[in-house]
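Engineer: Okay, here's what each chain looks like letter by letter:
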Amino acid sequence: MRRLTAILLALLSFCGCLSKGDAAHHIYVLSFGVESGDTFAYRIVLLAAMPKAGSEEGATLSTEVLAAEARTLFEAIETLNAGLPMTLRFSRTALILLSEPLAREGEIERLLDFSLGALDIHSNVHVMVAGSDLKTLYEGLQNDADPSFTKTINNLDALAAQSGTVPDGRCRSVWEALGSDAFDLVLPYIGANDPNPKPDLLGGEAYPKIGGALVQSDVLGASVIGSAVFDGPRMVGTLSGWHTALLAMVRGTFSEGRTTFYLPGTGTVSVKLQTNRRTEVSVRDGTAQVRIRLKAVPEYPLSALSRDPTLQTTLEQTIEAELNRLFSALSDAHADAMQFGTRELWQFPFGGEAGWKTRYASLSASFAVHVRVLETGGAS
Amino acid sequence: MNDRLGRFGPRELFAVTAVCTLVLGCFSIRDPGSFRDGNVSYFATVIALLLSVLLLRLGIDALKRGGFDGLGDRFRGLPKPIGILLAACSALSMLLAAVLPGACFLRALTDFIYVEATPARIVLYCVPCLAILAALGMETLARTGRVLLPITLVILAVGLGSDVPLYRAYRLFPLLTDMRHLLFESMQSLLRFLPVVLLLLVTAPGAQGWRYVQRAGTRGMLLGGALTVLAEVCLALSYRYTELTTLSSPLYRLVVEIDADNAAVRFDRIALFAWTMAALFGSGCMVYGASLLLAKTCSVRDIRPVAVLLAAAAATAVLLLRALYDAGWQVASLIGTAGAALSVLPLSGLLGRRNRCED
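Chains L and W are the protein sequences, given in the same order. The opening residue of the first sequence carries number 8 in our numbering; numbering runs sequentially from there. The opening residue of the second sequence carries number -17 in our numbering; numbering runs sequentially from there.
Think of the hints as simulated: they come from the structure by calculation, not from any bench. Mixed in with the good hints, there may be bad ones.
Calculated cross-link-like contacts (lysine to any residue; reagent style SDA-like; alpha-carbon spacing at most 25 Å) [unchecked claim]:
no.	chain 1	residue 1	chain 2	residue 2
1	L	Lys158	W	Leu158
2	L	Lys142	L	Thr159
3	L	Lys364	W	Leu158
4	L	Lys302	L	Tyr269
Given only the sequences and the hints, what does the whole structure look like? Please build it.
Structural biologist: Spelled out as structure tokens, the structure:
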């Protein structure tokens, strides 16, 4: 009887075998993006994987960039399905892109207001803001070494963890930020590699390492670095990779990264930063107080840095100054990217987040950075 | 009378109680209005759990003092119309306890797994399982529960543990904004656990003594309830109350949103099927409990036709509730709540002295 009962219960697992489909009869959309169209409201651009012509079914994949203009995403999908030899499937979609102009118009809430379930898209899909034309960007992401896009996405997650220069942006975090008054959205910024630097930091300065467009020549023609900052549903600016890492330090999501700065008497130096201590943040009486503890590992020039007694102090002052600049820029843009609102909730445990953005406008912040310089093994 | 009750020990009863409590606590339909003013579900569940255990002890004490073997025996001792009315209310309450998790999982299965299948095809597949489970009887169910409990616990632990890096304390706020809201939610949570109390009182004759029913039942409810509270806390740490008002199947979504580089990335399917099996098992126990009570009160000699009938009725109700889901959660949860409230009425039948009517 127990065996019969166990078999009956286990048979439940097979109730999905009512019909089967061949995986090779579909085109899998690895990523899709939305930008303004010329004829219709939107152009939907897709990076899709399909079996290579002439190969056995499913034996090798090639990626293609497809595009269609339509009024909605689903209309675009129907248009594309009508002109393709196989059906589009979104079950492997790992990345959604939103063009920067649309993000600045505040369209993110409307464009992402579609049923992920209807397309069988995972709710932890990555979402990014694209600073370049989507077709060019996807052509830059195409890579024969990774036709399934899996390694690219895994590297993206690793980059976020190992450098702090890319925030973690998922569809779920988009909805949480848009539905909350307590903090604002920050998304990774992606762009085609461009030899001409553009202004950075919410309208200010030329900078060689800017959000989304590295000055480089690389295997991939597109780069993900830095972040797009939002005030509610509207994008208000971009941050460089280094400033994104500073943001991560305040938010408590930073684990390690690297900074390059000017040390008097030595010149430009490179230092690796690490932390395994929680950032202390308190928001009281209109002031946010942040205490960050870091460990610094000198990297270049090693011989000079290991003899320099001012490294710790200079590093602390440099990071504090940059944090103050960053907060000032975010405050001017009304973007609580540092998530101070979530800290204020602790003071009002029974409800008090209403009106946080108004209070944020008059919030001041002080940053205390403590750096411990670690000894290195020296040059070999 | 062929009541298929059999004999089962305290460990089996503990397992059945824990699984049923966990299933009813975690996987029942919840009115999205519950999160309108904040998430108090974990506070409410603690209060409801303690009240349920108290009611269980009071019920056992009343039946022991009256010299009754179980709740069916008590209802049979009442004047026939009253006994049948109370038995019908209890059975309906247990039947709804079988239906609510089923409707919840049917939605998850049709939304996330079998997107091209109609709900009716999935339910039709489950009807024979439910009917056979209920017809096999309590001894079989109890021994199966002992196997199912560790599996369910492991799956729940892995599912909740794999999302630990994503938990954030600020999502808990606001806390306890309105005491009336907390009181209302506590009553709603209590109505979810009361069918488990009824099941224990109905199947007590097979448990080899009231002492074992009390001990195993209390421990089982506390374990199942504690796991429910843990799951609700984890949900509160993962989703703010504003998200929970529109989210269906939040516990399943919790395990779906695992990073691609996490070893448990495909765990969501395993979790859903393990939980569906637990829900099917819980529903089988509730259908059996309802069948036993009706059969005893109405002097039906063989419980099996009653079990098959109630299993079919439960499946129909699952389909109806699924359709109501689409019409609005409020209607579905209202029906579920009103039905569960019927479980309060039968407990009044525990009052009074023994008045056995001879067969």
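Engineer: Evaluate each hint against the coordinates.
Structural biologist: So, going through the hints one by one against the coordinates:
| no. | hint | in the structure |
| --- | --- | --- |
| 1 | L:Lys158 with W:Leu158 | violated (45 Å) |
| 2 | L:Lys142 with L:Thr159 | holds (18 Å) |
| 3 | L:Lys364 with W:Leu158 | holds (23 Å) |
| 4 | L:Lys302 with L:Tyr269 | holds (18 Å) |
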